[in-house]
Amino acid sequence: METFFISAITFGAIFLFGCVGEIVTEKAGHLNLGIPGIMCMGAAGGCLGVRLCTYGVANPSGVLTVIVAILFAMIFAGLLGAVYAFFTVSLRVNQNVTGLICTTFGAGFTSFFLNTVVLADGASARLAFAGLNYFNATIPGVDKLGWFGNIFLGQGVLVYLAIIIAVVAAVVLRYTKVGLHLRAIGENPATADAVGIPVTQYKYTFVIIGAMIAGLGGIGYTMGYMRGIVGSTVDTTIQGIGWLSIALVIFTLWKPALSILGSIVFGMLYILSTRITGITFEQIPLLDIVPYAVTILVLIITSIVGHRETQAPASLGLSYFREDR
Amino acid sequence: MERVKKPLIHISKREPMPLWKSLLIRAGAVLIALIISATFISLSAPRSQGFFGFFGSLFSGAFGTERRILVLLQDTGLLLLVALALVVAFRMKFWNLGGNGQILMGCLASAICMKYLGGKAPDAAVGLLMFVTSLAAGAAWAVIPAVFKAFFNTNESLFTLMLNYVAMNLVVFFIALWYPTGSGAMPPLTEGRLPTMGGGLVGRYLPVILTAVIVTAAIFCYLRFTKHGYEIDLVGESKNTARYAGIGVKKVVIRTLAFSGLLCGLVGFLLVGSINYMVSPTMDGNMGFTGIMVAWLGKFNPLIMAGVAFFVNILSCGMASGVQTDFRFTSEAFTDIVIGLIYFFFIGCEFFIVYKVHLNLPGRTHGRPAPAFEMGEKGAQEEQNEQGEQSEAQVQKAQTAPEAGQAAPAQVDVAEQAPPETPPDTPPDSASDAPKKNILKKLMFWKKEEK
Numbered sequence: 001m002e003t004f005f006i007s008a009i010t011f012g013a014i015f016l017f018g019c020v021g022e023i024v025t026e027k028a029g030h031l032n033l034g035i036p037g038i039m040c041m042g043a044a045g046g047c048l049g050v051r052l053c054t055y056g057v058a059n060p061s062g063v064l065t066v067i068v069a070i071l072f073a074m075i076f077a078g079l080l081g082a083v084y085a086f087f088t089v090s091l092r093v094n095q096n097v098t099g100l101i102c103t104t105f106g107a108g109f110t111s112f113f114l115n116t117v118v119l120a121d122g123a124s125a126r127l128a129f130a131g132l133n134y135f136n137a138t139i140p141g142v143d144k145l146g147w148f149g150n151i152f153l154g155q156g157v158l159v160y161l162a163i164i165i166a167v168v169a170a171v172v173l174r175y176t177k178v179g180l181h182l183r184a185i186g187e188n189p190a191t192a193d194a195v196g197i198p199v200t201q202y203k204y205t206f207v208i209i210g211a212m213i214a215g216l217g218g219i220g221y222t223m224g225y226m227r228g229i230v231g232s233t234v235d236t237t238i239q240g241i242g243w244l245s246i247a248l249v250i251f252t253l254w255k256p257a258l259s260i261l262g263s264i265v266f267g268m269l270y271i272l273s274t275r276i277t278g279i280t281f282e283q284i285p286l287l288d289i290v291p292y293a294v295t296i297l298v299l300i301i302t303s304i305v306g307h308r309e310t311q312a313p314a315s316l317g318l319s320y321f322r323e324d325r
Numbered sequence: 001m002e003r004v005k006k007p008l009i010h011i012s013k014r015e016p017m018p019l020w021k022s023l024l025i026r027a028g029a030v031l032i033a034l035i036i037s038a039t040f041i042s043l044s045a046p047r048s049q050g051f052f053g054f055f056g057s058l059f060s061g062a063f064g065t066e067r068r069i070l071v072l073l074q075d076t077g078l079l080l081l082v083a084l085a086l087v088v089a090f091r092m093k094f095w096n097l098g099g100n101g102q103i104l105m106g107c108l109a110s111a112i113c114m115k116y117l118g119g120k121a122p123d124a125a126v127g128l129l130m131f132v133t134s135l136a137a138g139a140a141w142a143v144i145p146a147v148f149k150a151f152f153n154t155n156e157s158l159f160t161l162m163l164n165y166v167a168m169n170l171v172v173f174f175i176a177l178w179y180p181t182g183s184g185a186m187p188p189l190t191e192g193r194l195p196t197m198g199g200g201l202v203g204r205y206l207p208v209i210l211t212a213v214i215v216t217a218a219i220f221c222y223l224r225f226t227k228h229g230y231e232i233d234l235v236g237e238s239k240n241t242a243r244y245a246g247i248g249v250k251k252v253v254i255r256t257l258a259f260s261g262l263l264c265g266l267v268g269f270l271l272v273g274s275i276n277y278m279v280s281p282t283m284d285g286n287m288g289f290t291g292i293m294v295a296w297l298g299k300f301n302p303l304i305m306a307g308v309a310f311f312v313n314i315l316s317c318g319m320a321s322g323v324q325t326d327f328r329f330t331s332e333a334f335t336d337i338v339i340g341l342i343y344f345f346f347i348g349c350e351f352f353i354v355y356k357v358h359l360n361l362p363g364r365t366h367g368r369p370a371p372a373f374e375m376g377e378k379g380a381q382e383e384q385n386e387q388g389e390q391s392e393a394q395v396q397k398a399q400t401a402p403e404a405g406q407a408a409p410a411q412v413d414v415a416e417q418a419p420p421e422t423p424p425d426t427p428p429d430s431a432s433d434a435p436k437k438n439i440l441k442k443l444m445f446w447k448k449e450e451k
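Protein chains in written order, with our numbering: chain A, 1 to 325; chain B, 1 to 451.
Incorrect hints may have been included.
To give a feel for the contact side, a few chain A residues facing chain B, derived at Cβ under 10 Å [unchecked claim]: (1) L33; (2) V83; (3) S111; (4) N115; (5) P291; (6) Y320; (7) E323.
FYI, nobody ran anything at the bench for these hints, they're computed from the structure.
Being a predicted model, the structure only gives us computed values, none of them experimental.
By construction, the Cβ of each residue, glycine as well, lies at the ideal position given by its N, Cα and C atoms.
If we strip away everything but chain A, and leave its shape as in the complex, we get:
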């Protein structure tokens, strides 16, 4: 039971990265369906960073590896995010279509990049990844605190990073001028523009920041949850996680603080089928349906209740062209 909760929180961090990234993007009025591809890009960048720091290095430094991997993940994800931003902000292409293309491209690129560049020498590289445990190193002495210490203090660095980012995002969105401007742009870019907020600049900045945050989800999966075991189907798995992260945004009503709890719930639901005992082979896929079914239920409930606070930003998904009437 204890290991179940530990894993659920580790997995929840992946959702949390994706969810907070998408919230930040959506607050700028952009529904980024490219998040699954962007998370894949993060995985590719993270694996490259780890490989550069550890492979063939005599005494690899754990801290350096973690920092470099996080930086690379953010750069890779940010690049695809910038492409998305260029197409949807500057070229004003339909956001759904651009997002789906980003997903196709990102997943394809990641699969190709991991197989031919990062893991070019096959099994040996995979094993070398699996051997390192920098991302799951815990605070020393935590295991003496019993179950509480194991579950809440015994997590790897990425879990805490995810929570910190979520809290920072919540505070920035709610209590700062930048957050107010961003929300204004998401609700009505024309009004924000009239007030003198630099709409294009804000949109670019926060779409790219959102992508960078989401990209950390990729490294959260490959290095945090899978502990460096990078399988050949990693891109399809991350895609599934990415779609759920987008759904989680609705589940948590566009509130980053709430998404910390939501992501843990989703983490539990997602790993349920692999951890539960005493079920038959064919029941596993039925359990795998649960997180998607729950998302659908929440979608329906929030739309029926229909409170204004629980709705998407008003201009979500619409391109803004100043000279339009």
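Put chain B on the given structure of chain A with help from the hints.
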């Protein structure tokens, strides 16, 4: 004098472009994307065939043998069917991203019929039942989100996306149920297959191709010439207008989505009954997403979409069975990258069809500078002529009072006191006459000396 600060790039909407010109822009974009891909591939491939070898491999992969041509046509037909299914919903601005799930449900229904009834009932009866159930299953998978959209305005794009994964897991469940000891793969069933059309290779591929052709024509007519098609477009334009015109919006949404899912179910039926004879969780081949690109790039017009679907399949078939083997790529992922790149260019060029870009480079005087800039230049020149004292506004003021040009100094005062909005007696073109302008300038000169 104050210069107007102008942005470097100014974007404005263009007048609608003639079709040939927009097609030319699109062709150019695709060409650039292909050249980039070819360069990249020929430089990075394990066994490169050179820059032009890429195009050769692409072509032979798509059209090399009779079988390849037939596969290409069949894949085009399937993709086109999915794209048509989606376009019906898209024209209503209903973002059906659940094509994959709807196809899989159709596949699953067909497979269930084949599994339980194949060999036990006459083939014709099984075939008919497969047809009905798979269409119904696909339709059901689309109607569920449509009902919630119609009554509660539930976000349909996420709803349909989630249903994709539910459908996928249902397929996994049934395979696990039927083959508990297997590796999760299903062997092709031998009983209850749909008949082929005549013998040989052509007969095997013909049913799908023919269905696609017939359905495309039917959808084109449905969208363009029927009342339903009109209602779909109206609901897409404005729900309020549609309601005002007496259209039951809820009914239209649900009916249209049932139709959309039905077509996806048809694709599932063809995939299982006539091509694969089994079902797998990835049998949709991501056509639900590719179909969105086809619909979007085809401007929601079934005939253009047919061309786009053909082109997309030339790429994917050419990459998969031509370039990938010739250039010794081990992973299929490279195809995704190239196709993604081409999509990016293709959608990116739409911008240049809809919008016009004006560049305001500093210090650029040739070409066609923007009008405000021109005026500023002129003002600056005139200012120098007036010995740097007179402002631009005063020059204009003097120009708008041309009677001052009749030379008497007494009248100059009148002109000076006259407010700038005093209408000129003479027509405005005479104000810009060269001789008169010279007189004006002299006059200003005198005026200054007086002071």
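Worksheet item: Quick check: which numbered hints come out false for this structure?
Response: 6
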